[in-house]
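2 protein chains.
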Amino acid sequence: MEEKIPYKTYLEESEMPKQWYNVRADMKNKPAPLLNPATHKPMTAEELSVVFCDELVKQELDNDNAYIDIPQEILDFYRMYRPSPLVRAYCLEKVLDTPAKIYYKFEGNNTSGSHKLNSAIAQAYYAKKQGLKGVTTETGAGQWGTALSMACAYLGLDCKVFMVKVSYEQKPFRREVMRTYGASVTPSPSETTEVGRKILAAHPGTTGSLGCAISEAVEVATHTEGYRYVLGSVLNQVLLHQSIIGLESKAAFEKLGVKPDIIIGCAGGGSNLGGLISPFMGQKLRGEADYRFIAVEPASCPSLTRGRYAYDFCDTGMVCPLAKMYTLGSGFIPSANHAGGLRYHGMSSTLSQLYDDKLMEAVSVEQTSVFEAAQQFARIEGILPAPESSHAIRVAIDEAMKCKQTGEEKTILFGLTGTGYFDMVAYQKFNDGVMTDYIPSDEELEKSFAGLPKID
Amino acid sequence: MEEKIPYKTYLEESEMPKQWYNVRADMKNKPAPLLNPATHKPMTAEELSVVFCDELVKQELDNDNAYIDIPQEILDFYRMYRPSPLVRAYCLEKVLDTPAKIYYKFEGNNTSGSHKLNSAIAQAYYAKKQGLKGVTTETGAGQWGTALSMACAYLGLDCKVFMVKVSYEQKPFRREVMRTYGASVTPSPSETTEVGRKILAAHPGTTGSLGCAISEAVEVATHTEGYRYVLGSVLNQVLLHQSIIGLESKAAFEKLGVKPDIIIGCAGGGSNLGGLISPFMGQKLRGEADYRFIAVEPASCPSLTRGRYAYDFCDTGMVCPLAKMYTLGSGFIPSANHAGGLRYHGMSSTLSQLYDDKLMEAVSVEQTSVFEAAQQFARIEGILPAPESSHAIRVAIDEAMKCKQTGEEKTILFGLTGTGYFDMVAYQKFNDGVMTDYIPSDEELEKSFAGLPKID
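Taken in order, these protein sequences are the chains called P and U. Mapped onto our numbering, the consecutive letters of the first sequence carry residue numbers 1 to 456. Mapped onto our numbering, the consecutive letters of the second sequence carry residue numbers 1 to 456.
If you are wondering where the hints come from, they were derived from the structure by calculation, not from laboratory data. Treat the hints with caution; some may be incorrect.
If several chains are the same, the list does not tell them apart, and a pair holds so long as it fits within one copy or across any two.
Stated by the list, open to error - 27 Å max Cα-Cα, derived DSS-like pairs, lysine-lysine:
hint, residue 1, residue 2
1, K165, K429
2, K255, K4
3, K447, K165
4, K4, K454
So here's chain P without its partners, still in its complex pose (with noise of 0.2 Å):
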């Protein structure tokens, strides 16, 4: 058996997914719907179309069909970059001593460098299927921005980045990368916007945070003729689109004749957790198997796992529908130290519901001990990971060290979401040993759940 299986498993074209799927559809407990932050009111298809494309606010209200058709135009995109290989981590297992067997699914075979640009794709499609000029998104580490511009140059579509202007400065060559895909890139807070002019007049000199870039670039949308707003995480479209990457990973798994018993992946806002769980989860929900799934979020930022599941604000200017979600609340500013993504406030609405309904777990990591993990990794796999993605194979290799006590032969899937070369100050310090941990307090956290909306 062991011999028999190749370092990469790659699908043929012909056997890659044709359909997404949609996990809300085997939910018993649906998640919660977004409200309007005016009227506390469920937000309307109506109301949605303002900020979202139609096809968009179709597929984020829909929590009934499990299986929706990819259009044509983005199989053939996603045939540039897709399929991603499900990995066996051979030389890692040899290293661990472990009986267990690792695999990972490799994202970050593409230019943007993570799995981001399996949603942007979709979005900018339906985007330009609606005849529209161009759309707007906010960035933080860089990768969605990234995506979405190359989804953007390959569609001819115009795109309007807003970048945290901490990043915009602190990583002068992800802009180039947009720039040289035809992205405009503008840092946050700017002068450009009403909300970008208020944020800059209460807080003048702020470096900017992603609920502020969000908040600019759908002002930016609702106000232009022909664009609308498009976001990298956290809303079930995305998890849809993502879903590509749990729908690869079982059929890859499915020729191999193997089954995963523990399913690991980082979280920030959920994208790729969602997507690589989602099919996985979906078998779970309908009795046919059963998987234990790991949410792995940095200390730092722990919304699942200290966080509150409540109705909270997704942007800081709370221009955005109200979301319920395991959230830390929308003036939580992660500490400045932490490296990487995964530093958002809330967590996708569907997984919440998930995790409260315990069919997933969590555990939160410190962060040098997540850059330990991506050395290694690097070391011996031949990635260099990205951070984001090093908190999924910190969890990975710690779960393949209890196999190693209990002498149990487990199989475990981890999500390997990116690459880290946009990421190298962050090595820098992990390799001059500068590097520092950072974990809220609990007074600091109930003060930011104070600032939670109240909702009847």
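Given the coordinates of chain P, work out where chain U should sit on it, guided by the hints.
Okay, now just chain U, sitting in the frame of chain P:
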């Protein structure tokens, strides 16, 4: 037919080549031997073994064996990131509206970002097998240094990299990747070597060159117990290891039932071009098939198109053997405005001989036109190419456009050697419209040729 060709063709692991191909075995006119710089006599194996590992010396001098077994340990490593895909550029063809069929062999899907890893693991493996403690090398753009660091980390071998000072300062992230893989990186010229101190005394404030860095790395290797020197291009052994690129391409084409007409590669020292074309050139040399081979070099460093075919020094310190090659003279310093690699003054002896025998063509292209092709390719095919690779893209597009004029349905293969994630400073210049071209004058070249050694 058209419909049957997938976007990406991956060989199965069982189909991957198990032997390297040595094109010298099929060459009627063998490449000229390396000469001892003192005696001008051909270097013996004994002399070479002071600098290189024994097994690599054997490979360097072997003009007879066409196939050389790839050791199992190297095959295992190859399986972590190979096979690389042979990609049909459907999207590019469509945008160019050409009847040409365009394919590229993509070597960028590994953390070193290029094909360099193919030879790095081989050279590190033989060093380890010989019981050595470590290896030394130089790196310019940084792809080779990164690749070697990865290979050494995997094998537990020490790795000392001399990085051209200007790159060390301008590419701190490249340096950090190497450090993450445990390599020590020294800016060159440095005070740590005799030759470095001499160069610094003669040229205070110099930002270094590849030729300097080679001299320093060779000095450390030959003066440190248990160390040898390794090189990422130019040498016969490197072309041998890189033949894996061409062998995989050829096997994939055979699987598809397709025969390329034109094969295009960028050429600096020749590692990628030699590897890509070797097995096809073998067929041509044996009279089994015909192909057009095109080497693409920068107009700013045009060793094949404007160089002399002569014995020359390989390094600035003149501690290395003399090689017969197309060269601009070892004193030639490529214009500082030139981005990325391909800046070496000479060319692989094997490729030089093939070119001199008119078995291969060469063209030179200017920097801005290369980046135009790079940007176009990035936007259409979704991969951000390395500046080096983009030279090949430029000419592939040019050839495809010729087909559009003539209506010929030629099949074009080019080598996409790597990704440009660490070259965003150059892309930024292009995006900002401040990139310029440079073509050395005849006088400049004549002056440089005057420094060629006199060999009877």
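Open item on the list: Flag every earlier hint the structure violates by its number, smallest first.
Closed with: 4
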